[in-house]
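We have chain A already, so just place chain B on it with the hints.
Number of protein chains: 2
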Amino acid sequence: MTEIADLIADMAKRARSAARKIANLKTDTKNKVLLSTAQRILDNRKALQEENKKDLENGRAKGLSSAFIDRLELSDKVIESMAQGLREVAALPDPVGEVTKMWKRPNGLMVGRVRIPLGVIGMIYESRPNVTIDAAGLCLKAGNAIILKGGSDAINSNLALASILQDALEEFDIPKDAVQVIPTTDRSAVTEMLSREEEIDLIIPRGGEGLIRFVVEHSSIPVLKHYKGVCHCYVDKGADIDMARKICFNSKVQRPGVCNAMEGMLVHRNIAREFLPGMGKEFQEAGVEIRGCPETVKLLDFAKPATEEDWGQEFLDLILAVKVVDSMEDAMDYIDRYGSNHTEAIITKDYHRARRFLDEVDASLVLVNASTRFNDGGQLGLGAEIGISTSKLHAYGPMGLEELTTTKFIAFGEGQIRE
Amino acid sequence: MTEIADLIADMAKRARSAARKIANLKTDTKNKVLLSTAQRILDNRKALQEENKKDLENGRAKGLSSAFIDRLELSDKVIESMAQGLREVAALPDPVGEVTKMWKRPNGLMVGRVRIPLGVIGMIYESRPNVTIDAAGLCLKAGNAIILKGGSDAINSNLALASILQDALEEFDIPKDAVQVIPTTDRSAVTEMLSREEEIDLIIPRGGEGLIRFVVEHSSIPVLKHYKGVCHCYVDKGADIDMARKICFNSKVQRPGVCNAMEGMLVHRNIAREFLPGMGKEFQEAGVEIRGCPETVKLLDFAKPATEEDWGQEFLDLILAVKVVDSMEDAMDYIDRYGSNHTEAIITKDYHRARRFLDEVDASLVLVNASTRFNDGGQLGLGAEIGISTSKLHAYGPMGLEELTTTKFIAFGEGQIRE
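Residue numbers (the working numbering), protein chains in the order written: chain A, 940 to 1358; chain B, 940 to 1358.
With the rest of the complex left out, here is chain A (with noise of 0.2 Å):
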């Protein structure tokens, strides 16, 4: 074993340890412990800054772009925004202990499934080192322990966030192993936490596509992963123009840079001419680029043709692909093909179609006569999220405090034993 393999081996056992003593907290304790780390963290707020500025000149001298240098910033904003989410993880409910169904078998055993923690989480994350403190608050409320292993350019920032965590979990006698950060900026230490399979019950990567692949490829440990968002809305024939146009341009322009803002735009060709050159127009005005199919750059002079890597693209950016297409089925099958899983809208007047889309579409949300943009944690009313998963085994979709949860059986006996 190196040293690096030692040093998370010792982490994870720590934790695991840690984890059996955090599942059954009360929940007002773990609502203390969040709402003081949330004190801790306004009034540390100078000492938090100092840390952040040895990342943040590390980062600097690395030559990092400046939008890398913003998301790795512990502004006063940022700050006083952790504080803000962690005390709205303790106004939320506590999902651990709901008994979510109890029934009674002909020989008088009574049977339920009581929700109960996950255990132990492996959070692998960007340099933004406000997720170790979101992370962290809904790991702990949902009764488990966590692992943080935040980008390296952040490290002096997670640990000093850690340590804050950390005295607010001695001050309620709870084990500090309850959350740790990984204190090394070594790579390897990731393959190793891959491997814990005995001590880490799930593994949650955030960021690009190439981390969560080399993730999903070395782990032994169950991954809930969100690959991106390719989304798309279906404007159907006798679409209501005014609704279309005002739900595909939130789905594009409201905040283009992330995963649930629309990437391709579906045009049934019978609502085509008269939806696409206000809707083109608006687009336009709005510094969107549109990529279109022939059609579509028949219709709107200023688009730019499509080409086949156009289909699919994430583009997080003010780009647009468009295409016309003939039928409800060959929007569908484009969705089949090019779309990601992940949130997928049809706009419509017609109530066969809205059914069928809604069957048929396989994605983490569908929405009829709404903007993608509604696919959070938040805006479905589930509360904050850790990520929105995109692959079907244990959650779809954003994950909330029900999602980092599972559910053992209890049986309440009087004797009774098997025939």
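Treat the hints as calculated values from the structure; they're not laboratory data.
Do not rely on the hints blindly, as some may be mistaken.
[Unchecked claim] Below, a list of computed lysine to any residue pairs in the SDA-like style, where the Cα atoms sit at most 25 Å apart:
(1) B:Lys960 <-> A:Ile943
(2) A:Lys1043 <-> B:Tyr1290
(3) A:Lys1347 <-> B:Asp1033
(4) A:Lys1185 <-> B:Gly1047
[Said to hold, decoys possible] Derived coverage of chain B by chain A (criterion: at least 3 residues anywhere in the stretch with Cβ under 8 Å from a Cβ of chain A; other residues may be distant):
(5) 1250 to 1261
(6) 1308 to 1317
Even for Gly, the Cβ is constructed at its ideal location relative to N, Cα and C.
Below, chain B without anything else, positioned relative to chain A:
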């Protein structure tokens, strides 16, 4: 790409395409396919047994054990029970389409979660041809396509069974690619299957721990696994002696070779003298070998002293590890260390200790005053099961039809956009 890689890639793609078509089949159609398959199995008994005979002869020539040959045989009884199993699955409620929750957001958006099939399931299992039918029936009922890789020694039987299933699918114009048996005994087929992450949503391995570990290590697809069942009964101080004897006897002796049989019995010191001699005699008469701690050996003269390897051992036989403990805490620590998160039972009269055991013991089923043998989909009231998961993601415990599905979010809007 090798020939095998091409074969598996092609099968996986055809399964993915079939999955889309069967995801929305009417319940009635799925039930008709299951009932038709049941009838066809009975009608083709002779032909099936001819194919099975080839496997049996090859197996005998290879010198396979008689227990192995037993499991391989499609006897009249096995054939009838496969048909009966399909009829029972047809009678179960269809999980697909259930709206598990629905709520209205402040902006009027109606948001719900609806149950959908997982997609394509890959099943890897031992040389038991009846599993081909049992697994395919459950997967189909839950709207999934399935790729089956049974043990090589059952290849002729499995191909014959798959062909019957495919005939039933075609009778109702359903793509026969919804059920496919891998037609080769080449072991690289498994590795290839485990790499088809784009088409296969879930892998379910059944078999020895070695096989399951191999699958977990090589799969980039999520795996639902069941390593082993090391189940315990803890007899609390003050327990009803008669009840404790009945439950422990049933847990150990009713069917010792299965995963929910008791492998270790923990007895509180204060009840040991009263409980163990009678219980021990009963076990002795049933031919159970006791391997005990020094206290146990003192009380039962026929008991052998246990070695360290006996604690946590999955005997799957008429052998039982017995340990006297000082407290329920010691029993729970023992279970935490030596248990396998499968099934744990307490026999007690004490309300508070029953509650604490239920809360704190981490196993897929925790029982009070009932036999460990109840950890079974049918016994718990879930209907037929495809296995018992001892890992926590997606399913923990028996996996019935619901566990072969996931939920997607749906949203009914009236033009909502995000502010």
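Structure-based check of each hint:
1. B:Lys960 <-> A:Ile943: Given that 25 Å is the threshold and the Cα spacing comes to 49 Å, the pair is violated.
2. A:Lys1043 <-> B:Tyr1290: Given pair Lys1043 (chain A), Tyr1290 (chain B) holds - Cα atoms ~19 Å apart, limit 25 Å.
3. A:Lys1347 <-> B:Asp1033: Judged against 25 Å, a Cα distance of about 23 Å means the pair holds.
4. A:Lys1185 <-> B:Gly1047: holds, 16 Å
5. 1250 to 1261: violated (count 0)
6. 1308 to 1317: Satisfied; 6 residues make the cut.
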